[in-house]
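Build the full structure now, drawing on both the sequences and the hints.
Read off the chains here:
2 protein chains.
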Amino acid sequence: MGCVLGIDVGGTSIKAGVFTTEGELLDVKKIPTGDLADPKTFARVNDGLTELIQSRGFACEDVIAVGLDVPGPVDDQGKVGMLVNISLDADGLQDAIRSTFTNAALAFVNDANAAALGELWRGSAMGKDSFVMVTLGTGVGGGVVAGGKLVSGSVGAGGEIGHITVCEDEELVCGCGRRGCLEQYASATGIVRLYQRECAARGVEGAKVEHATDTLTVFKACREGDEAAAAAIKTMSDRLGFALAQISSIVDPSCYLIGGGVAGGFDLFCDDLHEAYKKYCIAPCAQTPIVACKLGNEAGMYGVAYAALQEATE
Amino acid sequence: MGCVLGIDVGGTSIKAGVFTTEGELLDVKKIPTGDLADPKTFARVNDGLTELIQSRGFACEDVIAVGLDVPGPVDDQGKVGMLVNISLDADGLQDAIRSTFTNAALAFVNDANAAALGELWRGSAMGKDSFVMVTLGTGVGGGVVAGGKLVSGSVGAGGEIGHITVCEDEELVCGCGRRGCLEQYASATGIVRLYQRECAARGVEGAKVEHATDTLTVFKACREGDEAAAAAIKTMSDRLGFALAQISSIVDPSCYLIGGGVAGGFDLFCDDLHEAYKKYCIAPCAQTPIVACKLGNEAGMYGVAYAALQEATE
Numbered sequence: 002m003g004c005v006l007g008i009d010v011g012g013t014s015i016k017a018g019v020f021t022t023e024g025e026l027l028d029v030k031k032i033p034t035g036d037l038a039d040p041k042t043f044a045r046v047n048d049g050l051t052e053l054i055q056s057r058g059f060a061c062e063d064v065i066a067v068g069l070d071v072p073g074p075v076d077d078q079g080k081v082g083m084l085v086n087i088s089l090d091a092d093g094l095q096d097a098i099r100s101t102f103t104n105a106a107l108a109f110v111n112d113a114n115a116a117a118l119g120e121l122w123r124g125s126a127m128g129k130d131s132f133v134m135v136t137l138g139t140g141v142g143g144g145v146v147a148g149g150k151l152v153s154g155s156v157g158a159g160g161e162i163g164h165i166t167v168c169e170d171e172e173l174v175c176g177c178g179r180r181g182c183l184e185q186y187a188s189a190t191g192i193v194r195l196y197q198r199e200c201a202a203r204g205v206e207g208a209k210v211e212h213a214t215d216t217l218t219v220f221k222a223c224r225e226g227d228e229a230a231a232a233a234i235k236t237m238s239d240r241l242g243f244a245l246a247q248i249s250s251i252v253d254p255s256c257y258l259i260g261g262g263v264a265g266g267f268d269l270f271c272d273d274l275h276e277a278y279k280k281y282c283i284a285p286c287a288q289t290p291i292v293a294c295k296l297g298n299e300a301g302m303y304g305v306a307y308a309a310l311q312e313a314t315e
Numbered sequence: 002m003g004c005v006l007g008i009d010v011g012g013t014s015i016k017a018g019v020f021t022t023e024g025e026l027l028d029v030k031k032i033p034t035g036d037l038a039d040p041k042t043f044a045r046v047n048d049g050l051t052e053l054i055q056s057r058g059f060a061c062e063d064v065i066a067v068g069l070d071v072p073g074p075v076d077d078q079g080k081v082g083m084l085v086n087i088s089l090d091a092d093g094l095q096d097a098i099r100s101t102f103t104n105a106a107l108a109f110v111n112d113a114n115a116a117a118l119g120e121l122w123r124g125s126a127m128g129k130d131s132f133v134m135v136t137l138g139t140g141v142g143g144g145v146v147a148g149g150k151l152v153s154g155s156v157g158a159g160g161e162i163g164h165i166t167v168c169e170d171e172e173l174v175c176g177c178g179r180r181g182c183l184e185q186y187a188s189a190t191g192i193v194r195l196y197q198r199e200c201a202a203r204g205v206e207g208a209k210v211e212h213a214t215d216t217l218t219v220f221k222a223c224r225e226g227d228e229a230a231a232a233a234i235k236t237m238s239d240r241l242g243f244a245l246a247q248i249s250s251i252v253d254p255s256c257y258l259i260g261g262g263v264a265g266g267f268d269l270f271c272d273d274l275h276e277a278y279k280k281y282c283i284a285p286c287a288q289t290p291i292v293a294c295k296l297g298n299e300a301g302m303y304g305v306a307y308a309a310l311q312e313a314t315e
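Protein chains in written order, with the numbering used here: chain F, 2 to 315; chain Z, 2 to 315.
Because the hints were derived from the structure by calculation, they are not lab data.
Computed from a predicted model, the values in this text were never measured in an experiment.
One thing to keep in mind: the hints can contain errors.
Each pair may be met inside one copy or between any two copies, as identical chains are not told apart.
[Claimed, not checked] As a list, the in silico DSS-like pairs of lysine-lysine whose alpha-carbon atoms are at most 25 Å apart:
id, residue 1, residue 2
1, LYS30, LYS279
2, LYS129, LYS221
3, LYS221, LYS295
4, LYS279, LYS295
5, LYS30, LYS295
6, LYS235, LYS41
7, LYS221, LYS235
8, LYS31, LYS221
9, LYS129, LYS150
10, LYS31, LYS41
11, LYS80, LYS150
12, LYS279, LYS80
13, LYS235, LYS209
14, LYS280, LYS221
In structure tokens, the structure reads:
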């Protein structure tokens, strides 16, 4: 009987899950690796993965697919583009894994896209033919699924939802060098900044945020009746609803999934978000559901396992 | 040997093409039908189509696929939605065709989507896995192709490029009831209106436009050095480039195709359009080509023939 590995790739460690071919997660293991651009560390990856599958009664030749989830662009052909936040030798890692798991198909997937695939396989989008997932974290990522397949894009920019322009008058510059991106409003960083703007505009001090992505404090303040927090969340919902409305005019998905750390406040903003979406979308799309994700931060692991399994069985 | 029919459906006539299964267009025939919501007229459709294929040596049972191109929404399941501009009983027409061409697979496709498929089969997008076609006519339509398949959308709104919001400050109301849609800037109607605005703002009379969609006059004026016409075309290109940039952040197609009557002025606006697109898009997508379509107003006929052929051979 075969098994599948789904691997979240970080800069100095990986988190791997071993799955049945039906998508049941059997076990998870975090493997500290050191610098993943250093060839010497790849042996550690293989040892950790081998240990993980053996603990569940599998041998290396039982692994039929290995998926790797990377924080950067991966194009239609599965080629990894420039990674700005981590140091990773994708080819080296791939060769190392291939040498140990000789029967396995390999697939690299962008992390936000992987999360979408995970939700498709075993999460909120099970059975859906089309949907768009929006991951609200430190930044804003996304995954577009159409006809049951991920739209990764010709240069890997499919699902770069965070860089839809939602305010042409914005003066602050986004990480991408442009202005007025959704990410500036709907990421954790964006929400904290919107809150600080609202406090400044009202001349109030507001709740003390601990760091640049501390949405927990903003959400807590909102629950306790802080008007600046409520206004910040309303602005965020308005711009997110506007962005989803644009997406509907392009791919018209059967539903939207909201994930990432910020989705922890989904109950706080979902009414405003629905209202904004309906206000901005074309009439035929007004009923498109917007729901929260199910798999939390394991979605990516599920998704890459699924992508690799598809490669193996194609 | 089999053949394929591709049919442009209008309110009181149809235009049909007979194709080889390799996509060679053998003959075209316009068939006046009368009201296509009246069951009595369906016999005329069948007679006309039968005559067309017989003139090329085919019998009714040789027709392996019939595609129908309608000016309105068609969902993922091929179901025709509400048609606002023509009177058509889609089910009745389908039954009638099925009764004559008993071996044929049938497919309905939205007209703008059909044009995209036509360009994919035999036009500017041959061999492309992904692209977005923008049809600039009286309105603005579009077709999104990803993974070699049309993204028609859960309620048939996939490729409704004309209703991407490109100016939140617009005061005029679009046909869809919203404000600031791309269609208000990049359709023939939009271009004529932009020209009239520019003339008014400059206090000049400008060239005399013949009707609300007379872009020929605007393009001619521009070629003759009319500054108001040049400014109108620059605004149109700017907003179209902005819209394409949004699309790239969502589906990242390998190219854009510009079609429809307005594409007759492509040489006039393509430099401005490229410049605007590059200014607004995320950096990795800056090199995405933007080209003119090849098949002109026969693209839809090619596209529905192709869609039906895919149904037949699936």
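Hints versus structure:
1. LYS30 to LYS279: So LYS30 and LYS279 fail the 25 Å test inside a copy (42 Å) and across (44 Å) alike.
2. LYS129 to LYS221: neither (34 Å within a copy, 49 Å between copies)
3. LYS221 to LYS295: within (22 Å within a copy, 57 Å between copies)
4. LYS279 to LYS295: within (24 Å within a copy, 37 Å between copies)
5. LYS30 to LYS295: within (21 Å within a copy, 54 Å between copies)
6. LYS235 to LYS41: Answer is neither: 50 Å inside a copy and 56 Å across each miss the 25 Å cutoff.
7. LYS221 to LYS235: Classified as within: same-chain Cα gap 15 Å, cross-chain 48 Å, threshold 25 Å.
8. LYS31 to LYS221: Classified as neither: same-chain Cα gap 31 Å, cross-chain 67 Å, threshold 25 Å.
9. LYS129 to LYS150: Classified as both: same-chain Cα gap 10 Å, cross-chain 17 Å, threshold 25 Å.
10. LYS31 to LYS41: This pair counts as within: shortest intra-copy Cα distance 19 Å, inter-copy 71 Å.
11. LYS80 to LYS150: both (17 Å within a copy, 21 Å between copies)
12. LYS279 to LYS80: between (37 Å within a copy, 24 Å between copies)
13. LYS235 to LYS209: For LYS235 and LYS209, the Cα distance is within 25 Å only inside one copy (20 Å; across copies 48 Å).
14. LYS280 to LYS221: Answer is neither; intra-copy 27 Å and inter-copy 39 Å both fail.
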